[in-house]
Structures are given as C-alpha cells and as structure tokens.
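Colleague: Chain by chain, the residues run as shown.
Protein chains: 2
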Amino acid sequence: MTRSSISRRTVLQTAGGLLVASGMAPASAFAFQNESREEKDKDLIFRSTMPRNAEPELAKLVQSWQTPTELFYVRSHAPNPVIDPKQFKLSVEGLVRRPGTFSLDEIKQMPAVSTTATLTCAGNRRSEYNGSEYPNVPNVSGVQWEGGTIGNATWVGALLATLLKRVEVTEGAKHIWFEGLDEIPKKGSVIGFGGSIPIEKAMVEEGPGAPLLTYTMNGAALTPDHGYPLRMVVPGYIGARSVKWLGRIVVSDRPSPNHYVATAYKIVKKTSPIDWSESGPIYRFPINAAICTPAADSTLAAGSVKLTGYALPSGRNGSSIKDLLISADNGKTWTRGEMTGKKQDFCWQLWNAEVNVNANTKELLLRATDSSGDFMPARIPWNAKGYLRNSWYRLPVNVK
Amino acid sequence: MTRSSISRRTVLQTAGGLLVASGMAPASAFAFQNESREEKDKDLIFRSTMPRNAEPELAKLVQSWQTPTELFYVRSHAPNPVIDPKQFKLSVEGLVRRPGTFSLDEIKQMPAVSTTATLTCAGNRRSEYNGSEYPNVPNVSGVQWEGGTIGNATWVGALLATLLKRVEVTEGAKHIWFEGLDEIPKKGSVIGFGGSIPIEKAMVEEGPGAPLLTYTMNGAALTPDHGYPLRMVVPGYIGARSVKWLGRIVVSDRPSPNHYVATAYKIVKKTSPIDWSESGPIYRFPINAAICTPAADSTLAAGSVKLTGYALPSGRNGSSIKDLLISADNGKTWTRGEMTGKKQDFCWQLWNAEVNVNANTKELLLRATDSSGDFMPARIPWNAKGYLRNSWYRLPVNVK
Chain U
761 MTRSSISRRT VLQTAGGLLV ASGMAPASAF AFQNESREEK DKDLIFRSTM PRNAEPELAK
821 LVQSWQTPTE LFYVRSHAPN PVIDPKQFKL SVEGLVRRPG TFSLDEIKQM PAVSTTATLT
881 CAGNRRSEYN GSEYPNVPNV SGVQWEGGTI GNATWVGALL ATLLKRVEVT EGAKHIWFEG
941 LDEIPKKGSV IGFGGSIPIE KAMVEEGPGA PLLTYTMNGA ALTPDHGYPL RMVVPGYIGA
1001 RSVKWLGRIV VSDRPSPNHY VATAYKIVKK TSPIDWSESG PIYRFPINAA ICTPAADSTL
1061 AAGSVKLTGY ALPSGRNGSS IKDLLISADN GKTWTRGEMT GKKQDFCWQL WNAEVNVNAN
1121 TKELLLRATD SSGDFMPARI PWNAKGYLRN SWYRLPVNVK
Chain P
761 MTRSSISRRT VLQTAGGLLV ASGMAPASAF AFQNESREEK DKDLIFRSTM PRNAEPELAK
821 LVQSWQTPTE LFYVRSHAPN PVIDPKQFKL SVEGLVRRPG TFSLDEIKQM PAVSTTATLT
881 CAGNRRSEYN GSEYPNVPNV SGVQWEGGTI GNATWVGALL ATLLKRVEVT EGAKHIWFEG
941 LDEIPKKGSV IGFGGSIPIE KAMVEEGPGA PLLTYTMNGA ALTPDHGYPL RMVVPGYIGA
1001 RSVKWLGRIV VSDRPSPNHY VATAYKIVKK TSPIDWSESG PIYRFPINAA ICTPAADSTL
1061 AAGSVKLTGY ALPSGRNGSS IKDLLISADN GKTWTRGEMT GKKQDFCWQL WNAEVNVNAN
1121 TKELLLRATD SSGDFMPARI PWNAKGYLRN SWYRLPVNVK
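Chains as they are written, first to last, in this note's numbering: chain U, 761 to 1160; chain P, 761 to 1160.
Hints are computed from structural coordinates only; laboratory data are not their basis.
Quantities reported herein were computed from a predicted structural model and do not represent experimental measurements.
Do not take every clue at face value.
[Claimed, not checked] Derived lysine-lysine pairs resembling DSS-like cross-links, with alpha carbons at most 27 Å apart:
1. P/Lys1082 with U/Lys1030
2. P/Lys1145 with P/Lys1030
3. P/Lys1145 with U/Lys1029
4. U/Lys1082 with P/Lys1030
5. U/Lys1145 with P/Lys1092
6. U/Lys947 with U/Lys1030
7. P/Lys1092 with U/Lys1092
8. P/Lys1103 with U/Lys1029
[Claimed, not checked] Covered stretches of chain P, going by a simulated chain U footprint (3 or more residues, C-beta under 8 Å):
9. 956-962
10. 1040-1050
11. 1090-1100
12. 1124-1136
Using N, Cα and C, we set each Cβ at its ideal position, and we do this for glycine too.
The shape of chain U in the complex, shown without the other chains:
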C-alpha cells in the first residue's frame, strides 16, 4: 500500500476518472532560489533557512493585535518558488463541470473579500514535547517551534466558493484539494505541498469563516514567504490547510492523498501506516494560549509582575476566550487575565494580567477556556510528530 501524493506532472486518479494534470504554470514561469529575498529577517528567529522556517520573539509578537507581515511566522517545506504573476495560472479540476485555469487577473476580478484571521502552525509549541514531562519516548523531530508560530493578519481575496460555483462542482464532491507550486523532495519524487478541506467549509461564503483565494496580506501583495502570488487562507483551520503558492485545486470525493494530508499533520503515536490510517486529518485548530512577556527564565523581583500574551479560541464560528487564568503557586490559586484589543471570530485575543510572585515561584502557569467548551488541558499525551500542543503554558522564572 503506497500512499501517493498528487504529483503535478503525472496522471491523477480520482473517483471521477483519470485526469491528466494540466493547467500548471509552465516550467518557465517559475524558478527556485536557495537564498532569501526577504529583507526583514532580523525580526524573526530562523529555526532553519533551507527551507525557511522562522518565528518571532514572543515579546514582539504581542505588540499588536494585527501582526505585521515581517513578524508573521514563516513555514515552508522547500525553497520559495519564484512565480511570474503574468504567466501564473490556477488550475481547477476533478468533480467539476467546467474544469479550467484562472489567471491572477481573473481571480482579482472576482468580488474581493477582506478577512482578518489568525493562522497558526499545528506544530506551534512543539519543542515542549521534548521536555522532562515525557521521559520514555523518543524526541519529537521536526522544526522545534516555541510559541511563535501564530499570527493575525488581514487578507484580501476571492471567495473559494465563488470559484467553485464558477467551475460547477458536481454531485459527489466532498473535499477540495489544494496544491502548492513549491517543489518538495519526498521519497524519490518531487511534490507540491498539499492541503485539503471538507466541501462544507469550502462553500462557506458569508462571515469571517469563508476560505479565501488570497492575494494580499496586511494591505500589500503577498511576500514570497507567504505564498506570492496566491495562497489559500482557511480561517479556523491549522495553517497547513492555507496552502501557499497555490497552483492547483482538485475537487474530489475524498481528502487529498498528498503526504501533508494523508500522512503528516496527524496525531499519531508511531509513524506507521496503521497509525496514519487510524487518524483523520486535523482541520480545526484547538484553543491555545501563551505567556509572551516576561520571557522564559526571566529574573523577577518578588511582588507584583505584569504579564502579556495571546489566546486563540478554537476555530469555530462564535468561539471566544471565556476564562484565562494564571497561577504563580503551581495551580493552588489562579488570577484572571484581562482580554484586551479586538475580539473577532477566528482571531486570537491579546491579554494582560498581574500576579504576585515570591521565592517559591518556579513557574507561571496559564490556562484558558473558550465559549465553545474547549479548554487547555493540564497535560496532553505525547504524539510522534509533536502537533497541537495546547496544554497549560508553563513559563519558568527565577524570583529573587
């Protein structure tokens, strides 16, 4: 049983029959470069540079509710593709009556929608899985993210639903696949990063949960790091579903077989075929929160200390942070944080709090609940790929 990913230069099989891959940007339209075109890398901490994976310092991250692009985490699996926007074509195929390609201009001519939405990596806080809490398990590999792979930006684009109506989705369509124009070496082949979302989400066309074919971020064209010239933004879902450098959409009766849907981004105890089959793809992000100031291992004077941070309610319509609590005495007593700034569906909230610390305070603990009934648990089971770390945030401090 091999799990094949969509290979953009091979023949695709879907339930609708054989589809010859087509409509990709011609090879001449993009090339790859190994070095950064970004100028503001000083604002990010690079966990790797080839490919580019970076997160901001937490103190910088919570300076504003809307995250400046230069402070927005970068997650990539291959060098940024360089794409000529004039030659760019988005291909739409599969269970549709009118398959075809769309130029960037054609997409920009569709009604434009502006949405502010938080994206967060499923691997946010992954490095915490490698602590002393899990003594008898292998270290979790992958990018060792701290709590910075989250950001809240304003996106403008066409509704995915508009495009899907244009191509006339046929009966039996249940999932929409996305494929990036990046080129990721994988098991002797090269694949684009793939995502997939259920059609019920894809067809949302009202409110802040509607997925967008996005071409601007925070009022400017997407940068190469964020998917120029076109990316998906799927509010409420893990960042992996907001595929960057979007080049192809396939309408299907099942989730994408791409590696990043069928194998990666799953909660498994072992990276084995049976574990992958038993575990469904992650779509919605769960509640999460972090203390962003003071920094970890800060030396504090005994007495009152001010804290700031972010809290993300679970990715559902109408979900907002309900209780946000901090403890300086290992959970014996809890102090309520105050939510600040804006509260919008599918967006994080910022908070501040003031607690008293003393010489016995070794850690500050943070937990939160949301209005949909989700909460940060005290502990979370280890998983082999280190996803969805959302147990109580624990900030080590030294009090003098």
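Take the given structure of chain U and dock chain P to it, following the hints.
Modeller: Positioned in the frame of chain U, the structure of chain P alone reads:
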C-alpha cells in the same frame, strides 16, 4: 450533499466502479422478531428493549476477568435478525479479484483462532456527559449508559486476513467495510449496521490484535444478542467496529459511507455536516477505568474502605495499565490500586484498592495511565453524541 449508507438492495458505487449488490442471504433466510429470545435478561439492566440495549450492574461485572455472556453488555440498533445458519452466506465484494459468498461451514473450515479481547461501547459512561460539569450545553441523547458497556470474552473464529487472502484483495484497497443483517430504519430507508476498519488492521494475522470472523463467544455459539451466527471482533477498536450479524464485507479505497461510520460514532460539537466531515471515524478505544464496588451513593463508615473496578488500557499492542490511583480527598492525595488477575494485550485489567474516607469525603476519584502514554484526563470536553467519556471516574459516596 447526501451521505448515503450502503443499502444492501441497491447498487453500490466504489472507486472500483459500480458493484451490483449480490451474495446477500436471500430474504427467506432471515426474518425479524420484536421480542427477546434471551432468557437471562435478569442479569442485565435494560436501557431500552426495542431495540435491546443493556448493561450489567458494575458489581456483577467485575466478579471475573472473563465476562460471562449473560453479563456482557448488549448494544443493538434494531431487533435481532433471525438467521437460518444453513442458508447464511457472507458476501465479499469490492476491490477483490475473486468476489463471492461464504457459507458458515466454509468459514468454520478456515483455521480457527481463539482470542480473548475486551469490547467496549464508544458510549460507555455517556450519562456522565449530562451532569453539572457541562451547564450550558444540550443534554446528550442516545442510550444513557453508565460504566457497564464493557466486557472481556473469548472469541473463536477465522482470521479476517485469511478471508481477505482468499478473495485476493487488489491494489488500492485501503479500508474494509462490514455490514450487518439487522434492518435499521434510517431517513426513510432501511440499512444494516455498518463498520469499517483500515486495511492495515484488517490484515493483522498474528497476535491478539488480529480481527476475527467470530462464531463462538466464551465457548458457545454466539447468542442472537451478540451477532449469531457470525460477527466481527476487532480487538482494540470501539465495539461499533465489531459488527454483529455480519452479512457483507466490501473492500474499498475509503472508509464506509454507512451512517455508523460517516456520521455516528464521531466526536462532534454539533450534529452538522461540517462537523461530521471535519472529524474522522473513531477506531481505537482510549484508556478508561471505573470504580465498580462500592456502588455510587453508598453510605460508608469513616475509615478504611475496599474498592474494586476495571481498567482498560488504550487499544494498542503491548499497552497495559501503568498507574491506577484513587483519591478520597478531592485529588490532594492519591492511593495506588493493585492490578489483579490477568494482563493481556487488548484486554481489560481488574484492580482493587483500599483508601481511607472521612466525613469530608464526598467523592472517590479514579484515574489511570497506560504504558503507551495514554491517560485519563481530569476533564474532557463535552461532545454532542457523548462518546469516549474517559475523564477521571467520580464515585459519589456518603460517609457517616
């Protein structure tokens, strides 16, 4: 988008093409009755009688490691079908080179395997979701199970893997569908109860995790309540995958579209199409445990009290209970329970413990961890169908 279940008298569509339903037991081979043929109902507490849904008293349940058939919980969705074993045929279809039917004799002529395995309903402890812990949510409907929908029996049958080799599964097969001969009214149609398991599990042929086409339970023929004449037993998976009155197997490239795979037995906040699509089928059961004696709301004398119960490690090879802890002081201190009786993969374990109670003791708390890293959480989010309740078991008591 309608979600169709396998209708055994209609045409099936799979990726392999159109399959005309065939090989079902002819209509004359089974009839349905609305009344019980069981004689030992006095041993069970019936939550409903049409259909038959019953669990034992917890005190009776833990009298032995191997659960007597008359104390084994009964879960059904329609009246028990009455099946003539001489006319019975199991149909095997889909992505196979040699589709066909198998009589009971043909299945019994395959090498017989005996396995002791625990089955547990995904709805075990469901009634706890309707307590004061969840003040602002609708009551969870469905059978209001307490902690008795679990049992550990010895099953004899042919390996599912033997059958699948016999029919020669073809490339692309990823999931095995099961369909019962029961007739469940559902949305204006009638369907058989359906299950589905990944092929990696279906092909296991060594060790106690191998799925069986089962015809005996605890040394006797299956009773009508437990699937006579043939049922699946899938060790490690929720009971819903161990389909009773098994009449058809379909080999497919995807999970079954049957209602009980695609819609029911999922963790959702709302019973809506998007929630169903975002949530994968439950396969493995998680860790769980209960205090079985004393009974809830018992009046106890202050001082030492003896407790007994069961603990089920998560449904994985080699998983066993690691720590089992009881608190009589609301979690301030914990006393270790002692595991008794046998420890076998995919089976529960029984335990006893002794704790001191006093006038302040309102509840006894139970939690457990297993060797695979799974643990019972202090709290668990509410879900709309009330599945997988495995947070700390809380037994209310009155101490005088």
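Colleague: Taking a Cβ-Cβ distance under 8 Å as contact, does the stretch 1090-1100 of chain P have three or more residues in contact with chain U?
Modeller: The restraint on the stretch 1090-1100 of chain P is violated, since only 0 of its residues have a Cβ under 8 Å from chain U and three are required.
Colleague: Quickly compare the C-alpha distance for U/Lys947 and U/Lys1030 to 27 Å and report which way the hint goes.
Modeller: 19 Å, holds
Colleague: For the pair supplied as a hint, U/Lys1082 and P/Lys1030, confirm whether the alpha-carbon distance does not exceed 27 Å.
Modeller: Given pair U/Lys1082, P/Lys1030 holds - Cα atoms ~19 Å apart, limit 27 Å.
Colleague: Are there three or more residues in the stretch 1040-1050 of chain P whose C-beta lies within less than 8 Å of some C-beta in chain U?
Modeller: Answer holds; 4 residues pass the 8 Å Cβ test.
Colleague: Counting residues of the stretch 956-962 of chain P whose CB is closer than 8 Å to a CB in chain U, do you get three or more?
Modeller: Three-residue rule met by the stretch 956-962 of chain P, so holds; n is 4.
Colleague: Given the hint that P/Lys1145 pairs with U/Lys1029, does the C-alpha gap stay at or below 27 Å?
Modeller: 26 Å, holds
Colleague: What's the verdict on P/Lys1145 and P/Lys1030, does the C-alpha distance respect the 27 Å limit or exceed it?
Modeller: 9 Å, holds
Colleague: Measure nothing beyond the straight line between the CA atoms of U/Lys1145 and P/Lys1092; if it is 27 Å or shorter, mark the hint as holding.
Modeller: It is violated: about 34 Å lies between the C-alpha atoms, which goes past 27 Å.
Colleague: Check whether the Cα positions of P/Lys1103 and U/Lys1029 lie no farther apart than 27 Å.
Modeller: Between P/Lys1103 and U/Lys1029 the Cα gap is close to 22 Å, so the pair holds against 27 Å.
Colleague: Are there at least three residues in the stretch 1124-1136 of chain P whose beta carbon sits under 8 Å from a beta carbon of chain U?
Modeller: Our answer is that it holds, as 4 residues pass the Cβ test (under 8 Å) against chain U, meeting three.
Colleague: With a cut-off of 27 Å on the C-alpha distance, tell me whether P/Lys1082 and U/Lys1030 pass.
Modeller: Distance of about 19 Å is within 27 Å: holds.
Colleague: What's the verdict on P/Lys1092 and U/Lys1092, does the C-alpha distance respect the 27 Å limit or exceed it?
Modeller: 11 Å, holds
Checked against the numbered hints given earlier, this structure breaks hints 5, 11; the rest are met.
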